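Engineer: So you can see what is in the structure, the chains are spelled out below.
There are 2 protein chains.
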Amino acid sequence: MAKMEDVGISLLNAKEDQYEGVIVNVEEPMDSMAFASLLQSSMRSWRERGKKGVWIKLPIEHVNLVETVVKAGFRYHHAEADHLMLVHWIPNTADTIPANASHRVGIGAFVMNDKREVLVIQECNGWFKGTGVWKLPTGTVEEGEDICDAAVREVKEETGIETEFVEVLAFRQSHKCFFRKSDIMFVCLLQARSFDIQMQTSEIAAAKWMPIEDYAAQPFVKQNSGFDSIAKICLENSNGNYTGFTPLPTISTSGKKTYLYFNKHLAGHLFSSEDHQA
Amino acid sequence: MAKMEDVGISLLNAKEDQYEGVIVNVEEPMDSMAFASLLQSSMRSWRERGKKGVWIKLPIEHVNLVETVVKAGFRYHHAEADHLMLVHWIPNTADTIPANASHRVGIGAFVMNDKREVLVIQECNGWFKGTGVWKLPTGTVEEGEDICDAAVREVKEETGIETEFVEVLAFRQSHKCFFRKSDIMFVCLLQARSFDIQMQTSEIAAAKWMPIEDYAAQPFVKQNSGFDSIAKICLENSNGNYTGFTPLPTISTSGKKTYLYFNKHLAGHLFSSEDHQA
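Protein sequence lines correspond, in order, to chains E and W. So for the first sequence, the UniProt record's numbering puts the first residue at 1; every next one is plus one. So for the second sequence, the UniProt record's numbering puts the first residue at 1; every next one is plus one.
One or more hints might be untrue.
Note that identical chains are pooled: a pair holds if it fits in a single copy or bridges any two copies.
[Claimed, not checked] Below are the EDC-like pairs computed for lysine to aspartate or glutamate, each with C-alpha atoms no more than 20 Å apart in a straight line:
1) 71 - 31
2) 57 - 80
3) 129 - 95
4) 51 - 203
5) 176 - 149
6) 156 - 80
7) 57 - 82
8) 129 - 20
9) 52 - 17
10) 115 - 214
11) 129 - 17
12) 57 - 67
13) 52 - 28
14) 264 - 236
15) 264 - 146
16) 129 - 16
17) 135 - 162
18) 222 - 17
19) 208 - 164
20) 257 - 183
21) 52 - 16
22) 222 - 61
23) 257 - 95
24) 208 - 117
25) 176 - 16
Because the hints were derived from the structure by calculation, they are not lab data. As the structure is a prediction and not an experimental result, all values here were calculated from the model.
Sequences and hints are given; from them, build the entire structure.
Structural biologist: In structure tokens, the structure reads:
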């Protein structure tokens with residue numbers, strides 16, 4: 001954890017980042033008094049070397065050090081189940097520490113069979129519990145998961161139906177959905193590859209194929225402008241008059257495969273598939 | 001903080017949530033030993049009453065209680081600068097605690113003047129520093145901010161140019177962009193309302209209007225499939241051959257105004273503006 005510098009002072013091990021900052025990843029158990037002393041010497045050294053943002057990642061098993069780090073002037077940046085990330089900005093200039101993740105991302109899945117019936121469910125929990133409203137299957141995009149994969153996975157998990165992703169028909173951004181966080185929900189068109197419903201009983205109270213006109217005509221849907229708009233868009237799509245954004249695999253600056261969702265119906269001719277496969 | 005029940009046992013004040021859980025918001029300073037004892041009695045009571053998820057919100061000034069809460073079996077859920085949220089699932093069933101926010105949301109702004117020049121910048125920091133690459137202005141959507149407002153704000157902040165939001169031309173989802181978090185970047189078409197650049201010097205090294213063909217022809221852009229695809233889409237849009245998703249104000253189930261982004265060019269006739277204004 002600690003290292004000795006030439007001058008004989010113990011400092012915390014830290015990696016430099018590309019923004020003139022340092023990251024300390026606390027990997028071994030430590031006494032909080034000893035840590036406080038190391039942190040103080042390290043802060044002095046980082047300040048002298050013109051460092052800006054200092055990050056400390058504390059795994060939850062080293063929770064005994066949280067108070068020490070906060071008392072040294074750090075604030076929380078973000079937390080995951082197994083660790084807490086704290087940050088401190090050294091210079092007297094405006095802090096350019098990047099924002100925490102601000103959005104959860106979800107999908108709503110529009111799946112039809114060849115009888116113009118849409119796959120709908122009722123949920124066991126949450127806002128819609130006991131309302132009798134039939135809704136499209138929805139779910140949360142998991143950490144590191146592509147939107148197009150999440151839609152296929154959620155439909156399979158909730159209803160057992162196999163599908164293939166087609167496109168994003170629309171998306172909705174909402175605020176203060178979960179504590180102070182926002183949501184973006186992508187309405188996805190999927191092509192059904194199987195039709196026998198196998199309902200997941202832990203989250204889903206009922207699932208069925210429902211004539212799309214009946215889905216759109218539900219009083220709750222008609223009275224709610226968000227639901228009504230999405231139902232109209234799905235209906236329009238089912239009549240062949242509406243298209244959305246299709247995923248194109250591209251490579252990011254750091255070499256990772258990413259999907260760019262765009263209006264392929266207008267610009268698909270610009271991209272040959274060979275150019276863009278990972 | 002604590003209340004006395006009929007039986008004479010002190011319990012933590014907690015609010016019930018709509019998922020058979022409870023939320024404790026620690027608002028007053030407390031000794032960690034006293035808190036540990038209260039938490040233990042409260043957990044027993046919640047368990048007896050069939051409660052499921054227990055949330056504890058600890059403002060950063062009560063950092064002395066973090067260790068106590070973790071030792072009582074809680075894990076981190078999320079953190080903001082000023083507080084830490086911990087959670088514990090009581091039943092022996094699968095945990096249905098909602099996921100933490102997983103994405104940062106950003107915008108890239110495509111703004112043209114009437115000479116077919118696009119507004120481009122060079123950044124002082126980060127990946128592109130010193131590369132000489134001219135790129136579209138980009139920025140992060142702030143907590144609670146609409147994507148369409150963020151695009152207008154970022155262009156104004158970085159370049160001084162006044163704009164009006166038109167539509168989302170495409171979006172890109174990338175993973176592990178910032179620790180374990182993902183990004184969604186919306187490429188937004190904005191209409192310029194002013195043309196004199198006033199550069200923000202803290203983040204921007206240079207800004208100018210550049211012929212769109214020169215922007216798209218930069219070697220870095222041509223060699224990077226993500227940038228090249230976006231440049232092709234912007235070029236196609238500048239030629240009047242490409243359209244994206246337009247925001248429609250709708251009302252959510254909880255009565256909040258939300259924007260639904262959709263292909264208005266195909267489905268705009270479905271929505272009269274009176275129906276959907278907030």
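Engineer: Determine for every hint whether it applies to the structure shown.
Structural biologist: Each hint tested on the structure:
1. With identical chains, the CA atoms of residue 71 and residue 31 are at most 20 Å apart both within one copy (15 Å) and between copies (17 Å).
2. Taking CA atoms no more than 20 Å apart as the test, residue 57 paired with residue 80 passes in both settings, with 11 Å inside one copy and 15 Å between copies.
3. For the identical chains of this complex, residue 129 and residue 95 are inter-copy neighbours only, at 18 Å across copies versus 44 Å inside a copy, given an alpha-carbon limit of 20 Å.
4. Within a single copy, residue 51 and residue 203 get their C-alpha atoms only as close as 49 Å, which misses the 20 Å cut-off; across copies the closest is 17 Å, which meets it.
5. Taking the shortest alpha-carbon separations for residue 176 and residue 149, only the inter-copy value of 17 Å comes in at or below 20 Å, while the best intra-copy value is 26 Å.
6. Taking identical chains as interchangeable, the C-alpha atoms of residue 156 and residue 80 are never at most 20 Å apart, the minima being 27 Å within one chain and 34 Å between chains.
7. Proximity of residue 57 to residue 82 under the C-alpha cut-off of 20 Å is found in both arrangements, the shortest distances being 10 Å within a copy and 17 Å between copies.
8. When the C-alpha separation of residue 129 and residue 20 is checked against a cutoff of 20 Å, the pair qualifies only between copies, where the shortest distance is 13 Å, while the shortest distance within a copy is 50 Å.
9. With identical chains, the CA atoms of residue 52 and residue 17 are at most 20 Å apart within one copy only, with a shortest distance of 10 Å there and 41 Å across copies.
10. For the homomeric pair residue 115 and residue 214, the shortest alpha-carbon distance inside one copy (13 Å) is at most 20 Å, but the shortest distance between copies (51 Å) is not.
11. In the homo-oligomer, the alpha carbons of residue 129 and residue 17 lie at most 20 Å apart only across protomers (14 Å), although the nearest pairing inside one protomer, at 47 Å, exceeds that limit.
12. When the C-alpha separation of residue 57 and residue 67 is checked against a cutoff of 20 Å, the pair qualifies both within a copy, at 13 Å, and between copies, at 16 Å.
13. In this assembly of identical chains, the alpha carbons of residue 52 and residue 28 never lie at most 20 Å apart, being 25 Å within a copy and 33 Å across copies at closest.
14. In this homomeric assembly, residue 264 and residue 236 come within 20 Å of each other (Cα to Cα) both inside a single copy, at 18 Å, and across copies, at 12 Å.
15. Within a single copy, residue 264 and residue 146 get their C-alpha atoms as close as 18 Å, which meets the 20 Å cut-off; across copies the closest is 25 Å, which misses it.
16. In this assembly of identical chains, residue 129 and residue 16 lie within 20 Å of each other by CA distance solely across copies; the values are 17 Å between and 50 Å within a copy.
17. Within a single copy, residue 135 and residue 162 get their C-alpha atoms as close as 18 Å, which meets the 20 Å cut-off; across copies the closest is 41 Å, which misses it.
18. For the identical chains of this complex, residue 222 and residue 17 are neighbours neither inside a copy (52 Å) nor across copies (28 Å), given an alpha-carbon limit of 20 Å.
19. For a Cα distance limit of 20 Å, the shortest separation of residue 208 from residue 164 inside one copy, 19 Å, qualifies, whereas the shortest one across copies, 44 Å, does not.
20. With identical chains, the CA atoms of residue 257 and residue 183 are at most 20 Å apart between copies only, with a shortest distance of 13 Å across copies and 24 Å within one.
21. Only within a single protomer do residue 52 and residue 16 lie at most 20 Å apart by alpha-carbon distance; the minimum there is 10 Å, versus 42 Å between protomers.
22. With identical chains, the CA atoms of residue 222 and residue 61 are never at most 20 Å apart, being 51 Å at best within one copy and 47 Å at best between copies.
23. With identical chains, the CA atoms of residue 257 and residue 95 are never at most 20 Å apart, being 31 Å at best within one copy and 32 Å at best between copies.
24. In the homo-oligomer, the alpha carbons of residue 208 and residue 117 lie at most 20 Å apart inside one protomer (9 Å), although the nearest pairing across protomers, at 53 Å, exceeds that limit.
25. When the C-alpha separation of residue 176 and residue 16 is checked against a cutoff of 20 Å, the pair qualifies only between copies, where the shortest distance is 18 Å, while the shortest distance within a copy is 35 Å.
In this structure, the hints that do not hold are numbers 6, 13, 18, 22, 23, in rising order.
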